[in-house]
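Starting from the known structure of chain G, fit chain R onto it as the hints suggest.
Protein chains: 2
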Amino acid sequence: MNVGFIGLGSMGGLMARNLLKAGFSVVVHNRTREKERPLVELGATSSETPASLGAEADIVITMVSDTKDVEQVLFGANGLATGLRPGSLVVDMSTISALETQRFAEKLLELEVGIIDAPVSGGTEGAKSAKLTIFVGGSKDDFNRALPVLERLGSTITHFGPIGSGQTAKAVNQIIIASTFLGVAEGIALAKSAGLDPNMAIDAISKGLASSWILENRGPRMIDGSYPLGFKLALHRKDLRIALEQAASLALNLPGAQLVATLEDSLMEDFGDQDMSSIYESVRPKEDS
Amino acid sequence: MNVGFIGLGSMGGLMARNLLKAGFSVVVHNRTREKERPLVELGATSSETPASLGAEADIVITMVSDTKDVEQVLFGANGLATGLRPGSLVVDMSTISALETQRFAEKLLELEVGIIDAPVSGGTEGAKSAKLTIFVGGSKDDFNRALPVLERLGSTITHFGPIGSGQTAKAVNQIIIASTFLGVAEGIALAKSAGLDPNMAIDAISKGLASSWILENRGPRMIDGSYPLGFKLALHRKDLRIALEQAASLALNLPGAQLVATLEDSLMEDFGDQDMSSIYESVRPKEDS
Numbered sequence: 001m002n003v004g005f006i007g008l009g010s011m012g013g014l015m016a017r018n019l020l021k022a023g024f025s026v027v028v029h030n031r032t033r034e035k036e037r038p039l040v041e042l043g044a045t046s047s048e049t050p051a052s053l054g055a056e057a058d059i060v061i062t063m064v065s066d067t068k069d070v071e072q073v074l075f076g077a078n079g080l081a082t083g084l085r086p087g088s089l090v091v092d093m094s095t096i097s098a099l100e101t102q103r104f105a106e107k108l109l110e111l112e113v114g115i116i117d118a119p120v121s122g123g124t125e126g127a128k129s130a131k132l133t134i135f136v137g138g139s140k141d142d143f144n145r146a147l148p149v150l151e152r153l154g155s156t157i158t159h160f161g162p163i164g165s166g167q168t169a170k171a172v173n174q175i176i177i178a179s180t181f182l183g184v185a186e187g188i189a190l191a192k193s194a195g196l197d198p199n200m201a202i203d204a205i206s207k208g209l210a211s212s213w214i215l216e217n218r219g220p221r222m223i224d225g226s227y228p229l230g231f232k233l234a235l236h237r238k239d240l241r242i243a244l245e246q247a248a249s250l251a252l253n254l255p256g257a258q259l260v261a262t263l264e265d266s267l268m269e270d271f272g273d274q275d276m277s278s279i280y281e282s283v284r285p286k287e288d289s
Numbered sequence: 290m291n292v293g294f295i296g297l298g299s300m301g302g303l304m305a306r307n308l309l310k311a312g313f314s315v316v317v318h319n320r321t322r323e324k325e326r327p328l329v330e331l332g333a334t335s336s337e338t339p340a341s342l343g344a345e346a347d348i349v350i351t352m353v354s355d356t357k358d359v360e361q362v363l364f365g366a367n368g369l370a371t372g373l374r375p376g377s378l379v380v381d382m383s384t385i386s387a388l389e390t391q392r393f394a395e396k397l398l399e400l401e402v403g404i405i406d407a408p409v410s411g412g413t414e415g416a417k418s419a420k421l422t423i424f425v426g427g428s429k430d431d432f433n434r435a436l437p438v439l440e441r442l443g444s445t446i447t448h449f450g451p452i453g454s455g456q457t458a459k460a461v462n463q464i465i466i467a468s469t470f471l472g473v474a475e476g477i478a479l480a481k482s483a484g485l486d487p488n489m490a491i492d493a494i495s496k497g498l499a500s501s502w503i504l505e506n507r508g509p510r511m512i513d514g515s516y517p518l519g520f521k522l523a524l525h526r527k528d529l530r531i532a533l534e535q536a537a538s539l540a541l542n543l544p545g546a547q548l549v550a551t552l553e554d555s556l557m558e559d560f561g562d563q564d565m566s567s568i569y570e571s572v573r574p575k576e577d578s
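Top to bottom, those sequences are chains G and R.
Sequential numbering from 1 applies to the first sequence in my numbering.
Sequential numbering from 290 applies to the second sequence in my numbering.
The hints are simulated quantities; they were obtained by calculation from the structure and are not laboratory data.
Keep in mind it's a predicted model, so treat the numbers as computed, not measured.
Errors might be hidden in some of the hints.
[Unchecked claim] Simulated crosslink set (SDA-like; lysine to any residue; CA at most 25 Å straight-line): (1) R:Lys420 x R:Glu330; (2) G:Lys286 x R:Pro544; (3) R:Lys496 x G:Leu229; (4) R:Lys496 x G:Ser129.
Isolated chain G (complex conformation) (with noise of 0.2 Å):
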C-alpha cells in the first residue's frame, strides 16, 4: 500500500518517520518543500504537489495547521482532488472544523473519493513515541482501511462515529486541558507566592483529587518557567477558537474556555511557539522571576 502524507511540520514529520520505520511506502509533500529531503533520505519519495501525490496514493495523510489549509490541499490549485483515483481515502490528522469536515467529506463523496477525520492528541512525545491519542470520525469501512497505519501511529484509536466526531472529540480534549492547564497553573503560583515549596505541593497533591497528567508533567516546567515543546500555546489557541466556535454553533456558552483563550491572547506574542504550560506567565506571582 502507497501511503501519501501533506504536512511535515512538528508532528508530520515525526509521524511520517514512523511509517517508513514501519515499512510502508511513503510518498511525501510540504508546502516548504526543503522539508522533504530528511524523510526521502529515510527512504520516503516527494511529490511535487498534492495533485501529484494523490495519483500515486491508496491512502493520503493530511496533517496541516487548519481548516482553510485543509481546504487549500484538498480543493486548491494542484490539490488533491485533481488527483486522487475513485476509491482512495484521504486520512486527515489536522485539527480542524468539525462541519467544515462534514463539507469537504460531500464534495469528495461526488469524485468517489472517501475521508475520515482522525485529529491526534498527545503532542511531539506522542508523535515520536507513536502514542498518540487518535479521534476518528467517518464510515465504519474506511476506518478499517485506515487502521493498519494509524496503529503505526498511536496507541489509543478510538472510532466516535461519522465524519466530523473526531474532530468534535478534540474539540472535548482541548476544552478540558484548557481549564486543567490553568487551574495547575493558579496553584502553582498560590504555592510560590505564599512560599510553599511547589515541588513538595505537586508529589503531595498528586497522590489524590487532584491528580493529572498537566499537573505532573506540566506543573515541574512552570515551577522551572521554562516551557520547552510539548504541544505549542499557539496551536492550542487555535484548537481552542475551533472548539469555540463549535461550542456557538450550539449555543453552548464555556466560560472556562473563553477565559483561557482571552488568558492565552495576552501571551500569544511571547510565548505562542512555546508549550502550552506558559499559561503560567498569566497568573505568575511579581515576585516569581
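Just chain R, lined up with the frame of chain G:
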C-alpha cells in the same frame, strides 16, 4: 495515648471510627451531642465540652467547618484552651485560614500547648478507607508526635514546613481542582451538546494529556446528572473563599478560581449539599435533561 476528637461530621465521624479500629483510646465531643452516640457504641467515651475533653487527652484532633468554628472550639466558652494540659498537642484537620492558624498557634504557645495544621483531601471515600492525603504544617517534633495517629487516617502525609503551610498546601489543592472540575464539565457539555457519546469520549481522552482523577471519577457523574458525595459543593466553595482570601493577601489574581467561585455561588441553593461535580449544572446544555 488518649486521643480526643472534636467534630463528628461526615468526615470526622469516619475518621474517629478509624482511630477506634486502630486501637486508640478515643474521647469524642460534638456540638450536636447525638452524633457522639455511634462512636460511643463502637467504644469511644464522650465528653461534655471541649474543655473537659482537653483535660483527658494527650492529642486532640479538631475537624470542624470553618475558621470561626476552630476559634470557638479552641478559645470559646468551655473551649479546649481552658482544659488542655501543658505539653498536649492540637491537630487541626479542618480546612481554615493559614493566617488565622498562625495566630491560634501563638495563643496556644502561651499555654505551652502545641498545634499543627493537618487539613486533608480525599473526601468521604478517603476518610472511610483511611487513604486521605494530609497536608501538615508545624514543628518537626509536633509532626512526629502526631504521625502515629495521622498514619491511621491517611496514606499520603506530607510535612510542608512551619505552622500554616498545611493550610496553604490545601488551598493550592482546592485551587487546582476548581478549574479542573470546570474543564471536565465543559468538555462533557460540548460532547453531549454535539451528540458525541460522552462515555466513549472520557475513555479515549483519559489515555492522554487530558487525563485526571476528576475526569475518570467525576466525569461519569456529570454524564448521569447525579452527584452523590464525595465532597460537598458548599465545602469547596468555603475552601475557595479561604484560598482566594489568601491569594488576595498576596496580591495574586487567580481568574480561573474566581470564575469557579462565581459559578458555584449560582448553584449553592440547589446543589450546595451535593458533590461538587454538580458544577456541571452551570454549563449543562439546554437540551440535556
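Results for each hint:
no. : hint                : in the structure
1   : R:Lys420 x R:Glu330 : holds, 24 Å
2   : G:Lys286 x R:Pro544 : holds, 15 Å
3   : R:Lys496 x G:Leu229 : holds, 19 Å
4   : R:Lys496 x G:Ser129 : holds, 14 Å
Against the hints set out earlier in the document, no violation occurs for any number.
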